[in-house]
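Student: Sequence:
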Amino acid sequence: MKILILLPVLLPLILSFVIYLFKKSTKAKNITILSTLIATFLTCLINCFVSFNRFDIIQIFDYLLISFNVDNLGRFFTVLISFIWIIVFVYTFEYIKHEGHENRFYTFMLLTLAMLIALCYAYNLPTMYICFEMVTLLSMPLVLHSFSKESINAAKKYLFYSIGGAFLALFGLFYLIMYCPDTFFDSYGGLNCFKSFVGNQKIMNVAIFACVVGFGTKAGMFPLQGWLPIAHPVAPSSASSVLSGVITKAGVIAIIRVIYYIVGPDFILNTWVQYTWVVLACITILLGSLLAYFEDNLKKRLAYSSISQISYILVSLALLSEYGFIGALLQVAAHMLIKVCLFLFAGELIYKFDIKNVSKLKGIGKVMPISLWCFTIASLGLIGIPFTIGFVSKWNIAVASINSNLTFFNYFIPIVLLISAILTAAYLLPITFNGFFKECENKKYNEASPIMYCPLIVLSVLIVLLGIISSPLIDIIQKIV
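Heads up: the sequence shown begins at 1 in the working numbering, then just goes up one per residue.
What the hints contain is simulated information worked out from the structure, not anything from laboratory work.
By construction, the Cβ of each residue, glycine as well, lies at the ideal position given by its N, Cα and C atoms.
Here are the simulated lysine-lysine pairs, DSS-like style, with alpha carbons at most 30 Å apart:
id, residue 1, residue 2
1, LYS352, LYS362
2, LYS352, LYS438
3, LYS149, LYS360
4, LYS27, LYS97
5, LYS366, LYS97
Computed Cβ-Cβ distance ranges for the label pairs, DEER-style:
id, residue 1, residue 2, range
6, PHE412, PHE147, 41 to 47 Å
7, ILE152, GLU322, 42 to 48 Å
8, THR26, GLY226, 34 to 40 Å
9, ILE422, LYS202, 38 to 44 Å
10, GLY100, PHE408, 49 to 55 Å
11, LYS202, LEU170, 17 to 23 Å
12, LEU290, ALA39, 41 to 47 Å
13, LEU170, PHE408, 30 to 36 Å
14, GLY199, VAL279, 23 to 29 Å
15, ASP296, LYS149, 19 to 25 Å
16, ASP186, ARG104, 35 to 41 Å
Use the sequences and the hints to build the structure in full.
Tutor: This is the structure in structure tokens:
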């Protein structure tokens with residue numbers, strides 16, 4: 001029965017090594033990949049209804065035990081991640097013809113999926129850190145895919161920032177492991193560690209802050225957000241969509257595990273760690289939105305937007321409250337669905353017309369209306385318009401902030417969110433306006449193939465559906481809390 005824990009990891013892992021058997025049969029390869037991904041998703045769903053004891057793989061020495069377990073947080077993330085991977089791969093079957101080197105791309109996409117699921121199921125700090133580093137190493141070739149000079153430089157920057165941030169976090173983890181009786185992610189982790197931290201408040205605050213900033217690098221938090229706008233534009237759009245929508249959440253998962261499962265929120269409540277964390281997240285929200293507004297390259301604009309939107313999650317987690325945790329996880333789901341949809345739209349433009357800049361999108365809605373409507377719905381969700389999941393998540397974050405005990409920040413955070421929403425509307429809605437109401441510059445444009453725009457339709461429907469019927473999702477998140 002315990003093998004079910006690792007089955008979602010093993011399925012894509014095994015397929016990544018046998019994918020070269022399909023060199024001559026593209027159809028067989030696509031069917032096999034899709035079947036494996038569906039099986040992975042279904043296994044993740046089954047794991048939602050099965051209770052597990054922890055599964056220890058190997059103990060190298062006292063402080064290094066590789067251990068996995070399926071808890072509610074892991075279930076939440078794995079179901080979302082495996083579903084998004086199915087959507088992206090359906091789109092990729094057509095899109096990758098534009099990029100070439102299909103087998104290599106599929107291999108590293110599947111390996112990255114396996115490590116992301118392993119990260120979600122990691123049951124202690126050492127296992128989590130190893131999986132976190134593996135996500136970086138296995139996703140880096142996705143940025144490097146074209147082997148152009150630009151992509152090589154972007155991959156180097158991605159690797160430098162990610163590993164640098166991980167080493168900073170490792171400094172903090174050393175102290176956590178030293179002072180914490182155990183490093184397992186159970187509901188009593190914070191209580192077990194709290195007593196041992198007393199008397200070591202100063203050094204532990206530094207260690208915890210190092211973890212937040214280090215793991216926050218993967219999530220694009222200021223001041224180590226520089227890799228995001230460089231890596232996203234040069235990667236294939238399928239890779240950009242998961243880099244922004246999913247892989248950045250590796251940093252979010254790691255921060256949640258450290259703060260909520262090991263340290264305990266009470267330990268840093270109303271300390272300089274919490275206030276500095278809030279300030280950095282707010283700076284990131286405004287900085288990302290401003291840079292996106294002035295950027296003409298569409299994928300780079302969406303990358304700057306990701307910097308801003310992911311920090312909604314981080315600022316909500318920094319509130320260290322139940323409502324803040326709920327708002328953060330709602331924003332995780334919202335950002336995954338919305339940002340993947342937006343990047344896949346950008347990929348359609350590159351695949352069909354080699355358009356990369358916003359200024360060249362005039363009249364595009366008259367020749368590819370389905371895709372632009374999907375983009376518009378996702379944009380409204382990112383702004384936070386009612387009846388979208390983006391509104392539900394941002395509303396919960398704002399309410400959590402107002403009800404927090406952060407005095408000045410109670411109302412400062414909602415003001416930051418409002419300014420960011422206005423800027424988001426300013427850099428996304430003109431694309432829709434120009435696309436539908438301006439004359440098309442090239443009469444040869446036409447809609448992409450159904451295999452490319454159908455994933456956008458599915459994501460758009462979910463963005464609206466989960467905005468209207470959000471109670472089931474909120475109930476699931478409340479169980480995690």
